[in-house]
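J.: Residue numbers (this note's numbering), protein chains in the order written: chain S, 1 to 131; chain Z, 1 to 131; chain W, 1 to 131; chain Y, 1 to 131.
Bear in mind the hints are in silico, worked out from the structure with no lab data behind them. A hint or two may mislead.
No distinction is drawn between identical chains; accordingly, a pair holds when it is met within one copy or between any pair of copies.
[Claimed, not checked] In the EDC-like style, the derived pairs of lysine to aspartate or glutamate whose C-alpha atoms are separated by at most 16 Å in a straight line are:
#: 1; residue 1: Lys85; residue 2: Asp123
#: 2; residue 1: Lys119; residue 2: Glu69
#: 3; residue 1: Lys46; residue 2: Glu68
#: 4; residue 1: Lys46; residue 2: Glu69
#: 5; residue 1: Lys51; residue 2: Asp75
#: 6; residue 1: Lys51; residue 2: Asp123
#: 7; residue 1: Lys51; residue 2: Glu68
Protein chains: 4
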Amino acid sequence: MAELSGATESGAVVAQRCCLICTLPGYSGVKAEPPEVPVYGYSANKEEYLKRLRRIEGQVRGLQRMVEEDRYCIDILTQVTAATKALHAVAVGLLEGHIGTCVADATAIGGPEGAAKVKEAADAIGRLLQA
Amino acid sequence: MAELSGATESGAVVAQRCCLICTLPGYSGVKAEPPEVPVYGYSANKEEYLKRLRRIEGQVRGLQRMVEEDRYCIDILTQVTAATKALHAVAVGLLEGHIGTCVADATAIGGPEGAAKVKEAADAIGRLLQA
Amino acid sequence: MAELSGATESGAVVAQRCCLICTLPGYSGVKAEPPEVPVYGYSANKEEYLKRLRRIEGQVRGLQRMVEEDRYCIDILTQVTAATKALHAVAVGLLEGHIGTCVADATAIGGPEGAAKVKEAADAIGRLLQA
Amino acid sequence: MAELSGATESGAVVAQRCCLICTLPGYSGVKAEPPEVPVYGYSANKEEYLKRLRRIEGQVRGLQRMVEEDRYCIDILTQVTAATKALHAVAVGLLEGHIGTCVADATAIGGPEGAAKVKEAADAIGRLLQA
């Protein structure tokens, strides 16, 4: 998460637990105290997202095959719907992780930075609804 | 917010600042410390939501008029789209408020309650996407 | 449907069967031949749409009550989701009716008018998806 | 479109112009008369869809890269939103084509088959809205 500027003194630590870590197996709530030691153990969770995205990639390739084979429009639409649903599920997972870590850390610090993080997440939800 | 069970010792206070307060004019970030004194001053914000919802009610009544007057389907659809968009905007506003107060307070406390609050919000986003 | 200009000689008749008629009980397919006699018998169907829209109006009023009573954000969001879903159901019903009558009549006539009617419906679907 | 059963005598011809042909350059409205000669000239249009789907595949691969590189959640969400939007645009294009050909042909024939085709398209729109 190189994009997160370490504007606060705890910024570096915040960055390290943000964002994909939060749905790790064993994740149980969010501490107000960012961890002292960087958490690099989210590979399991990353793998889960990568697996899901590879499956979506497969769905999109399946769509290309369907078009090439002149498949029935409604069947293609059904597959488009499935891929959209899968992307939405990824988005909801990412939002859950983001709110539980990045946003939680920022609101724990408080101030305009907290509000900005909350607004940024809400704006992302708004854009997703209008996709 | 009678629904929030005061499971933690700070539960009662959490309830008092949750949820509509957060987009109050003058809102500037989220404090980790819930206010000692109950905040009842969110009438300005509530009025904003009520105004928006009354406008949406007006749009839905307008839809009834259009159907009664046999208006063109596409024009009715345009108005349905406008009402949906307005509901989505209300939802995003509520989510911003909720994440910035209820969820922030719960994640500041941490533990399974924090994670549950984050998951509850994510589930609500997921349902909204599938509406 | 006063908006439909009677550009073709059968325009007036087209207008009369468009749009809400199509989901009438007893509706069974769409004839290429527009009816010689105006069809005014869609009151049953209109009533169905009005009933649905009145229910949505009730949901939006319920939302105002929830805000007034400081109900829990997530519960309000659940109700926003229900109202959105109900609006979407109305939209899909209107589209089914519109495609089965207005669009069908226009494509039966053919030419640029047919294509324009199809495009107009597709654009409305696109806007609805981005609401 | 091998899925379309040739239930009516004109079924074979219907199948040949269904579905991707309809947004061909030079497409100008929908004829009530299905073409006597099979139309195989929609390769240009298919290529357009394949190009768009390949671009979406690239977006999904880009998402995998972003996860691998621990990019910021909100940036990943922005890309998920872009991919969803692109899928929706494909869906709207397919629907426009489908309504202008398959559905138009079925409603021109009329009867329960016409109504079924219209309902099938409306159901697909409903599923897409709930994706």
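J.: All hints, please: hold or fail.
T.: How the hints compare with the structure:
In this assembly of identical chains, Lys85 and Asp123 lie within 16 Å of each other by CA distance solely across copies; the values are 14 Å between and 20 Å within a copy. Taking the shortest alpha-carbon separations for Lys119 and Glu69, neither the intra-copy value of 45 Å nor the inter-copy value of 25 Å comes in at or below 16 Å. When the C-alpha separation of Lys46 and Glu68 is checked against a cutoff of 16 Å, the pair qualifies only between copies, where the shortest distance is 7 Å, while the shortest distance within a copy is 33 Å. In this assembly of identical chains, the alpha carbons of Lys46 and Glu69 lie at most 16 Å apart only when taken from different copies (10 Å versus 34 Å within one copy).
Neither within a single protomer nor between protomers do Lys51 and Asp75 lie at most 16 Å apart by alpha-carbon distance, with minima of 24 Å and 19 Å respectively. Taking CA atoms no more than 16 Å apart as the test, Lys51 paired with Asp123 passes in neither setting, with 27 Å inside one copy and 21 Å between copies. Taking the shortest Cα distances, Lys51 and Glu68 sit within 16 Å of each other only across copies (11 Å), while inside one copy they are farther apart (26 Å).
Checked against the numbered hints above, the structure violates hints 2, 5, 6; every other hint is satisfied.
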